[in-house]
Amino acid sequence: MITLNINGEPVDIDADPTTPLLWALREQLGLTGAKYGCGAAYCGACTVHVGGKAARSCLLPIGDIGDQPVTTIEGLPENGRPHPLQTAWIQCNVPQCGYCQPGQIMAAAALVKAKPQPSDADIDVAMSGNLCRCGTYQRIRQAIKQATGQGA
Amino acid sequence: MRSSVEMDQRKGRSGLSRRGFIVEASLTATGLLFACKARKSGSRVAEAAGEAALAVNAYIELTNDGQWVLLLDKIEMGQGISYCYAAIVAEELFVAPEHIVTRYAPADKAYVNLNLEVPLFGLPVPVPVQITALSSSTGDGWQKLRMLAAGARQILIEAGAASLDTNARQLSVNADAIASLRLRSKPRGKVQLLASKNLYQTLGYDPRGGRPNPRSASDFVRPDAADKSLGKTRYGIDAGDAEVAAAGGNAKDMLQATVVHAAEIGALLDAANADELRAMPGVVDVFPILDGRAVAVVARTMAQALAAARRLRPNATPGPNRQFSSEAILAQYKSMIDGQTTPLTLGDFKLFQKLLGTSPRSFSRDYITPYGPHSTLEPMNATVMIGGGKAYVWVGTQFPSAAQSAVARLLNMKPEQVEIHPMSAGGGFGRRLLTDFIVEAAAVCQHLGGKLVKLLWSREEDFGADYYRPTTYQRLRAVFSGNGIAGLAHQIGVQSITEYSASDFVGALMPSSVKGNAISRFISGRGRAILANANIDPFSVEGASDMPYAITPKCVHLFQIKGDGRPGIPITYWRSVGHVHTIFAIESFMDEAAAELGADPLALRRSMIRDPRLANVVDRVVAMSGIQNAALPPGQGMGLALLNGWGSYCALVAHVQVTDDNVRALRCWVSIDCGFALQPDIVRAQCEGAVVFGLSATLKQEIRIQNGVPSARNFFDCDIIRMHEAPVTEVDVVVHQDDVDPTGVGEVAVGLVAPAVCNAVFRATGQRVRRLPVRLGTPQP
Chain Y
1 MITLNINGEP
11 VDIDADPTTP
21 LLWALREQLG
31 LTGAKYGCGA
41 AYCGACTVHV
51 GGKAARSCLL
61 PIGDIGDQPV
71 TTIEGLPENG
81 RPHPLQTAWI
91 QCNVPQCGYC
101 QPGQIMAAAA
111 LVKAKPQPSD
121 ADIDVAMSGN
131 LCRCGTYQRI
141 RQAIKQATGQ
151 GA
Chain W
1001 MRSSVEMDQR
1011 KGRSGLSRRG
1021 FIVEASLTAT
1031 GLLFACKARK
1041 SGSRVAEAAG
1051 EAALAVNAYI
1061 ELTNDGQWVL
1071 LLDKIEMGQG
1081 ISYCYAAIVA
1091 EELFVAPEHI
1101 VTRYAPADKA
1111 YVNLNLEVPL
1121 FGLPVPVPVQ
1131 ITALSSSTGD
1141 GWQKLRMLAA
1151 GARQILIEAG
1161 AASLDTNARQ
1171 LSVNADAIAS
1181 LRLRSKPRGK
1191 VQLLASKNLY
1201 QTLGYDPRGG
1211 RPNPRSASDF
1221 VRPDAADKSL
1231 GKTRYGIDAG
1241 DAEVAAAGGN
1251 AKDMLQATVV
1261 HAAEIGALLD
1271 AANADELRAM
1281 PGVVDVFPIL
1291 DGRAVAVVAR
1301 TMAQALAAAR
1311 RLRPNATPGP
1321 NRQFSSEAIL
1331 AQYKSMIDGQ
1341 TTPLTLGDFK
1351 LFQKLLGTSP
1361 RSFSRDYITP
1371 YGPHSTLEPM
1381 NATVMIGGGK
1391 AYVWVGTQFP
1401 SAAQSAVARL
1411 LNMKPEQVEI
1421 HPMSAGGGFG
1431 RRLLTDFIVE
1441 AAAVCQHLGG
1451 KLVKLLWSRE
1461 EDFGADYYRP
1471 TTYQRLRAVF
1481 SGNGIAGLAH
1491 QIGVQSITEY
1501 SASDFVGALM
1511 PSSVKGNAIS
1521 RFISGRGRAI
1531 LANANIDPFS
1541 VEGASDMPYA
1551 ITPKCVHLFQ
1561 IKGDGRPGIP
1571 ITYWRSVGHV
1581 HTIFAIESFM
1591 DEAAAELGAD
1601 PLALRRSMIR
1611 DPRLANVVDR
1621 VVAMSGIQNA
1631 ALPPGQGMGL
1641 ALLNGWGSYC
1651 ALVAHVQVTD
1661 DNVRALRCWV
1671 SIDCGFALQP
1681 DIVRAQCEGA
1691 VVFGLSATLK
1701 QEIRIQNGVP
1711 SARNFFDCDI
1721 IRMHEAPVTE
1731 VDVVVHQDDV
1741 DPTGVGEVAV
1751 GLVAPAVCNA
1761 VFRATGQRVR
1771 RLPVRLGTPQ
1781 P
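The listed protein sequences correspond, in order, to chains Y and W. When we follow my numbering, the leftmost residue of the first sequence carries the number 1, and every step to the right adds one. When we follow my numbering, the leftmost residue of the second sequence carries the number 1001, and every step to the right adds one.
If you are wondering where the hints come from, they were derived from the structure by calculation, not from laboratory data. These numbers were taken from a predicted model, which means no experiment stands behind them. Be a bit skeptical, because a hint or two may be false.
[To be verified] Under the rule of at most 25 Å between Cα atoms (straight-line distance), these lysine-lysine pairs were calculated in the PhoX-like manner:
no., chain 1, residue 1, chain 2, residue 2
1, Y, Lys53, W, Lys1232
2, Y, Lys145, W, Lys1232
3, Y, Lys113, Y, Lys145
[Stated by the list, open to error] Simulated restraints, written as ranges between beta carbons of each label pair:
no., chain 1, residue 1, chain 2, residue 2, range
4, Y, Asp122, W, Thr1345, 50 to 58 Å
5, W, Asn1483, Y, Gly149, 52 to 60 Å
6, Y, Gly149, W, Ala1623, 28 to 36 Å
7, Y, Lys113, W, Lys1252, 33 to 41 Å
8, W, Ala1272, Y, Asp64, 47 to 55 Å
9, Y, Pro61, W, Asp1241, 21 to 29 Å
10, W, Asp1219, Y, Val125, 43 to 51 Å
11, Y, Gly149, W, Ala1096, 50 to 58 Å
12, W, Arg1606, Y, Lys113, 28 to 36 Å
13, Y, Pro61, W, Asn1629, 53 to 61 Å
Every residue gets a Cβ at the ideal spot worked out from N, C-alpha and C, and that includes glycine.
The shape of chain Y in the complex, shown without the other chains (with noise of 0.2 Å):
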C-alpha cells in the first residue's frame, strides 16, 4: 500500500510501487483526466504537478514519488472555481477533441506559476513537450496570455 498526497489529500493506493501514476490516477483513484498518449513520455498527455513542477505521470512509478504534492486537472480548480487558464481556455474556445487539453492545461499552469507573464520564447520552451494532433496550438498560446492578462 502506497499513500500519496493527490490534490490536497492523502490517499492510500493498493498498486505496485513500479505501477506508473498515470495508470494509479485513472485505475484505482478514478481520476481519468489525465490521459496516456504514448507511454514514453514523448506527447504530454499524461502531464500532472508533483512537487509543484510538471512531471510525466507515465513513466513515474509512484514507488518513487514519496510525499511530494501531486496536482491533477481535477485538481486545479481552487474553491470550486476554474483556474484563470481554464477559464481563457473556454473563452478562447481552445479544444477540439479535447484529448491532450488536461496535459496541455497542466504543462501551463506549471509555467505561469514559475512564470507569471511569460513571453513567447517561454511559452514555446514550456509548452513544445505538449502535443496537440488537432492542432490547436495558436489558441493555447492566446489562452495562456489572456490568462495571465497580456491580451492577444
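Following the hints, put chain W in place on chain Y, whose structure we already have.
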C-alpha cells in the same frame, strides 16, 4: 379528443420530396399522448426504454421537465458537430443552443447520413449509413435536422391547439407559446420512439426560413469547451461505470487488455513466452485472437497488461507482406507510369496524346507522397461485454453501422443484437471509420466468455497496425501553347482505398448478417479484383478528376498494382484523403509550369479559374498575405495553393523560413468559402487545426516500410508539429448574403499546406521539393 392533421405532399426547398402522413394527437384526461405514424411501409416503431420522455422522432426527445434532448448520430471528435447540430435544432425550437442536451445515438438503421455520395463506376451512389466522414456532417444535419426539429415544433403546436381546443393556426408561433406548451404538456402512458428512416422524408414542414444565428466570435463558446478544459470529458479509453452500468456491467470487474501484433504487417503470431507473462502480476491470460492476427494480454489493470505486453516475445510466421517495401512500391508505380501499363482512365487521353504529338512544348514533373500515420492522440480502444444474447460495445467510432455489423458477424449474431454505444474520441481523421480494433476487442471478450473487457492499443501498436494514408507516385504532364497550358495529363499510382473499405461498407449496408457475410467475403476476395479493375476509386483521383482549372483536354490515369504483386499494406481514409496527394502535385506543378512559361504563378492560375467563388478566395488570400509584393529577407518565401472540394472553396498562402536545410512555417493565411458558415469560429478553428495537421505531413511524418515492417513505433520515430513549430494562422471565412447551404469544412485546408510550403521553399531557396516530407538536399523525383 382526437385531432388529425393530414399533410400534403410538398417539395421542400432542399428538393427532398415528402410523402404524406398522419399525425394523431390524442389528449388523455391528464396529459397528451403523441403517436406519429408514417404512412409508408418500412417504418419501425420501438418502445422507448424506461425514460419518461417524449420521443418525437429518432433524433429529438422532450423530457417531462421540458428539456429538449438531441440524439447525435455523428461522433464529436473535435470538429464541433455536437454544437452545430444543437444550433440547428435549437433554432427551430426557439431555444438557445446551450439549452439542448446532447447525447449519442446508438447504432441503428434509423440514423443515416443523407449527405454522403460516393462516385462508383461513374455514378454518384448514395451511401445511407450511420457514419461521420468526408466532411459531410453539417450538410447532412442541415437537410435533415431542420425538418425534424421544425416537425417537433409543429407537433407540439398541434397538440397544444388540441389541448386548448383551438385552431393551431390561431396559436401565435413564438418562443413564449412554445415554452408554455412545453410546460403544460406532460406526456403520460405509452411513448413510442420512431425509428423510421423515411420519417424525415414524410414530414411536410418547412423550417422557419431563417438560418441559425451565428454567434459572433466574442460571445460564442463551444458547449464542450468547459468539460474538455476541466478534464471531465469521457473518451473511449475512459469507459467505466458511467457507461457500462446501464447495460448491467460493473467497472470493478472490468478486465483490461492490450494486444501485440507482429512487427511485419499482417503476419500471424503467438507468444513464445506466454507462461512467463501469465506469471506476471495481475495477468489473467495471454492468448492469440483472430487466428493469430494478434496476441491478447489480459490483466486486472491496464498498467499490468501493458507491462506484460512489453515483455512479450513474439513467435511470428513470415507473412504475405514481407516482400513489400515502400521504395519498391514507388518504383513500381513509376515504371507503370513510364510504360503506361493498363491504367484506368478518366477524360480524353487520345486527344491529349494527339495534342502532345503536335506540340513542341511539353513539360512533365513527378511527385511522391509517403505512407502516413493517423496518430490520433487517443490510441485505438474499445470496451465489450457479451451476455444474454447481446453484445455491448463502448467505442469512439466514426462508423457505428460498420461496427455493429462487424461485431455481429464475428459473434454470429444479428446486428440488432449488438448495441454500439458511441463515445467521443481523441481524434478520428478517418482511422476510427475502421472496425479492426473493435473486432479484436469483441474477439478478446468472446474468448473470456463474455466478461466485460476494455482493449487498449499501446502507441506502438497504434503506429504499427495503423491503416495508413497510402503512398503515391504521380506525374503531371502539360502541353504548352502560347503563355498557357493547353492540355494536361495527371497520372497517379496509388492503391485503392475503396477496395480496403468496401467490406466494411457492405457490412454496414446489408441488413442481414447471413447475406452480409457472403457479400462481405466476396468483396474481400474476388470482388476486390472486380472493384479494382472496373472502377476508378474516387478517393484515388479526387482533386484531380474534379480539378477546377479550365484546361481542355485533361485526363487522369490511375495505376494500381494488381495480382500477386499487389501490396497488402492496409490503407484507409486520412483527413482529406485523395486531396493530400493530388493537390500536392497539381499546386506544386502549377508553380513549376508557371516558371517554365515565364509566367507569374498567381496570374497563370487566375487565367484558368472560371468559378467566381474560387477566384474570390484566391483574391482574398492574396490580399491578406501580401504575397504578390512581399519583400522578404533571404531564406524566406511565400507560396500559394488553392482547391475546390467538398463543395467548398479554399486558398492558402504559407510563409516559410529556411535555415540550413531546416524549414519553418512562420505564417499561414487561409480564405475559405464553405457556403453558410453555421459558426464561423468553429470554421476558423478547423482551418487553424488543418494547417498544423497538414504541416505535420509536409515537414515531419512518414512511414517507410521495409520487408513489410513499418518504420515507426512511437512519436520519437515519427513526430508531429509542436508548439514552437506552429505557424501563426489567419483564417478568413467568406460570409454569404444569399441563400447557400453549408458545405464541408474539416478536411478542406489540409491538402493545401504541402504545395504552398513547397512553393514557398522554392521562392526562399531555389530548390524544388517534389517529395514529402520535405527533406532539403535529398534526391527529388
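So, going through the hints one by one against the coordinates:
no., hint, in the structure
1, Y/Lys53 x W/Lys1232, "holds, 22 Å"
2, Y/Lys145 x W/Lys1232, "holds, 24 Å"
3, Y/Lys113 x Y/Lys145, "holds, 13 Å"
4, Y/Asp122 x W/Thr1345: 50 to 58 Å, "holds, 56 Å"
5, W/Asn1483 x Y/Gly149: 52 to 60 Å, "holds, 55 Å"
6, Y/Gly149 x W/Ala1623: 28 to 36 Å, "holds, 33 Å"
7, Y/Lys113 x W/Lys1252: 33 to 41 Å, "holds, 37 Å"
8, W/Ala1272 x Y/Asp64: 47 to 55 Å, "violated, 32 Å"
9, Y/Pro61 x W/Asp1241: 21 to 29 Å, "holds, 27 Å"
10, W/Asp1219 x Y/Val125: 43 to 51 Å, "violated, 33 Å"
11, Y/Gly149 x W/Ala1096: 50 to 58 Å, "violated, 30 Å"
12, W/Arg1606 x Y/Lys113: 28 to 36 Å, "violated, 52 Å"
13, Y/Pro61 x W/Asn1629: 53 to 61 Å, "holds, 59 Å"
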